[in-house]
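So the protein sequences, as listed, match chains P and C.
Numbering follows the numbering used here, in which position 55 of the first sequence is assigned residue number 55; successive positions increment by one, without gaps.
Numbering follows the numbering used here, in which position 85 of the second sequence is assigned residue number 1085; successive positions increment by one, without gaps.
Just so you know, the hints here were simulated from the structure itself, not pulled from any lab data.
Do not take every clue at face value.
What the hints assert, rightly or not - Sample of chain P residues at the chain C side, in silico, Cβ under 8 Å:
#1 Ile-81
#2 Tyr-83
#3 Lys-84
#4 Met-224
What the hints assert, rightly or not - Listed next, the in silico EDC-like pairs over lysine to aspartate or glutamate satisfying Cα-Cα at most 20 Å (straight line):
#5 C:Lys-1101 / C:Glu-1008
#6 P:Lys-84 / C:Glu-1039
#7 C:Lys-1278 / P:Glu-172
#8 P:Lys-50 / P:Glu-40
#9 P:Lys-124 / C:Asp-1040
#10 P:Lys-84 / P:Glu-172
#11 P:Lys-84 / P:Glu-173
#12 C:Lys-1069 / C:Glu-1166
#13 P:Lys-199 / C:Glu-1008
#14 P:Lys-124 / C:Glu-1180
#15 P:Lys-90 / C:Asp-1228
Unchecked claim - Listed next, the stretches of chain P that the computed footprint assigns to chain C, with coverage defined by at least 3 CB atoms under 8 Å from CB atoms of chain C:
#16 104 to 116
#17 237 to 248
#18 251 to 258
Predicted model, so just to flag it, every value in this text is computed and none were measured.
Even for Gly, the Cβ is constructed at its ideal location relative to N, Cα and C.
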Amino acid sequence: MRRAIINFGLIASLPIIFSFFLFVLYPIINSMILSVSEPEVLSELFSSPKYWEAFRNLLIFLYVAVPIKFLMALLISGFLITYKNSIFGKIIGAIYLLPWAIPTVASALAFRWSLDYDFGLFNKMLTDLGLPRIPFLLSYWPAMFSIIIFHVWKWTPMWTLLIYAGRQSIPEELYESAQIDGASIYQRFLHITMPLIKKLFLICLLLSLIWSTGEFEAIWLVTMAGPAGATHTITTLGFQQVFQYANLIKGASIYISVLPLVCVMMLILLVIFRR
Amino acid sequence: MLLNKFLEKFLLLIATCVIILWTFLPVYNMIVTSFKTWEDVWVASYLPRRFTIEPYITVVTQSYFRVEKFWLWLWNSFRIAVEVMILGVFIGLLAGYAMSKKSRIYGKVKSLVANVSLLSYIFPVSLLSIPIFVLMYTYKLLNTDWAVSLSLAALVSPFNAWMAAEYFDSIPKEVEEAAEVDGATAFQRFWLILLPLTTPAIIALSVYSFLYSWNNYLYPLLMLSDEDHFVLPIVMGFFLSTDDSPWNIFMATGILYSIPPLALYYIFRQYMVSGLFKGAVKI
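With the hints as extra help, turn the sequences into a complete structure.
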């Protein structure tokens, strides 16, 4: 009987180990070998301004989009916690995850059409408010801004949910006694909420940084890396090499080149997670 | 005092409106455009001037060349999503069992399963797309369901494993012990006792895996190149590379494609949210 127990547990662990080696580890190593096999591709890559431009775009995207996302997640989760019993909180609670459940392609279509210079809803609203039109998709900074807005719209809900869950496990008495002691909202947030959700918050933040490094749809679908390829990031640049120019080695090299960055972030995440 | 209370309610109302506006504005534009006629698409307005369901009829009857195989592509999306769901939940449940306190395997194997799941969960999925593409190319699986469903199942199962492990851990061990005394084997206990108790988790994971595949764009785009194998997201992506396009028809397609995931999400919201909640609270 003891033997049977051991056997079934082992059998149960096989599929995921198998799929990890086949679909995660092996492909990565394979691509590494592929990109090292032709070193001139890599050296050509590192000397091309296009690559560094994409890298710069990636950094701008990461360091603007991720903080905005988490600021909004903190605000909306705070709203949900404070007003969870009122009608306002219930309405927001029912709808805030909507962007997350809608297929990315569909919402990207909606954004692209809303951002249109001549016929888009956003520019229509700006003109109605007496403001000048913004060429959202037609010049560099507005296009970066559009990418960031779409990414924030799409992914804030998920982080809101996770941070909301963390905040819900904080006992309410803590806030009540702090309120009696005369602590302001800001003080309560800084000295009660933040220390108690610090670990969760850091893990979410790092996870979001890692995943946003691989953001593809926001760029490929909303701006199509335009205008004139100015808003490419590493992911879309590598994808384009494979998809449009059938250059497998170059595409793989571009992806592999950000692996060190991703691995460092993953390592920090694992250290925090294990603590 | 009364004024303060009034002011608070007022600010609250404003905040609620801002969040609703932020969430709904693009969706709202999508809905409005989908009910416009072809000429009205080129006039920005908050409501359709002439309300029409023509765009939907065009899509459903496949009478415009960019949606000429709408039902086939929708069926492809559905079939692949079901394949991912079955495979992903199967792998996830087994791995979750192996990771949980319920399985009695060597600690090293257990932590290997846990680490492997964690690593593949936190790795950015899009950065794996080209490496997996090379793999599928090598094994001549491109342009088949398998290329998409195997890779997506492999990518969704680590999350499923963590969630399933949480659920298995939350089942009291006395439940299993009674069966053990009666001589049930580990497999029998898993199959007859633990699995029926994890039904809520299985529902949550199934819905999650289904949506994961249904909403995915990158993997099908990369792996499928033959028109008859396309899924709808690929075709919707192609809409974007055309000028002078019938946006009302495109929006109608987008809405039709968004209805199943939204319906699933709202039906099973309780299960899904509580599953995600558990993971977050544990950290």
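Now the hints, each set against the structure:
Annotation: Ile-81 of chain P was flagged as interfacial toward chain C, and the flag is violated, the nearest CB pair being 13 Å apart, outside 8 Å. Below 8 Å, beta-carbon pairs count as interface contacts, and Tyr-83 of chain P has one with chain C at about 7 Å; its hint therefore holds. With 8 Å as the threshold, the beta carbon of Lys-84 of chain P stays out of range of chain C, its nearest partner Cβ sitting at about 13 Å, so the hint is violated. The interface hint given for Met-224 of chain P holds, since its Cβ lies 6 Å from the closest Cβ of chain C, which is under the 8 Å cut-off.
A hinted pair counts as satisfied when its Cα atoms are at most 20 Å apart, and Lys-1101 of chain C with Glu-1008 of chain C does not qualify at roughly 49 Å. With a CA separation close to 45 Å, the supplied pair Lys-84 of chain P and Glu-1039 of chain C exceeds the 20 Å bound. For a cut-off of 20 Å, the pair hint linking Lys-1278 of chain C to Glu-172 of chain P stands: about 19 Å separates their Cα positions. For the given pair, Lys-50 of chain P sits about 16 Å from Glu-40 of chain P by alpha-carbon distance, which is consistent with the 20 Å threshold.
Restraint check for Lys-124 of chain P and Asp-1040 of chain C: the C-alpha separation of about 14 Å stays at or below 20 Å, so the hint holds. Between Lys-84 of chain P and Glu-172 of chain P the CA atoms are separated by roughly 13 Å; this keeps the pair inside 20 Å, and the hint holds. Restraint check for Lys-84 of chain P and Glu-173 of chain P: satisfied, since their Cα atoms lie roughly 16 Å apart, inside the 20 Å limit. For a cut-off of 20 Å, the pair hint linking Lys-1069 of chain C to Glu-1166 of chain C is broken: about 42 Å separates their Cα positions.
Straight-line distance between C-alpha atoms of Lys-199 of chain P and Glu-1008 of chain C comes to about 32 Å, which puts the hinted pair past the 20 Å bound. For the hint linking Lys-124 of chain P to Glu-1180 of chain C, the alpha-carbon distance of about 69 Å lies beyond 20 Å, and the restraint is violated. With a C-alpha separation of about 44 Å, the suggested pairing of Lys-90 of chain P with Asp-1228 of chain C is violated against the 20 Å cut-off. Only residues whose beta carbon comes within less than 8 Å of a beta carbon in chain C count, and the segment 104 to 116 of chain P has 11; three or more means the coverage holds.
Counting residues of the segment 237 to 248 of chain P whose beta-carbon sits less than 8 Å from any beta-carbon of chain C gives 5, enough to reach three: the coverage restraint holds. Proximity of the segment 251 to 258 of chain P to chain C, defined as three or more residues with a beta carbon under 8 Å from a beta carbon of that chain, is established by the 4 residues found.
In this structure, the hints that do not hold are numbers 1, 3, 5, 6, 12, 13, 14, 15, in rising order.
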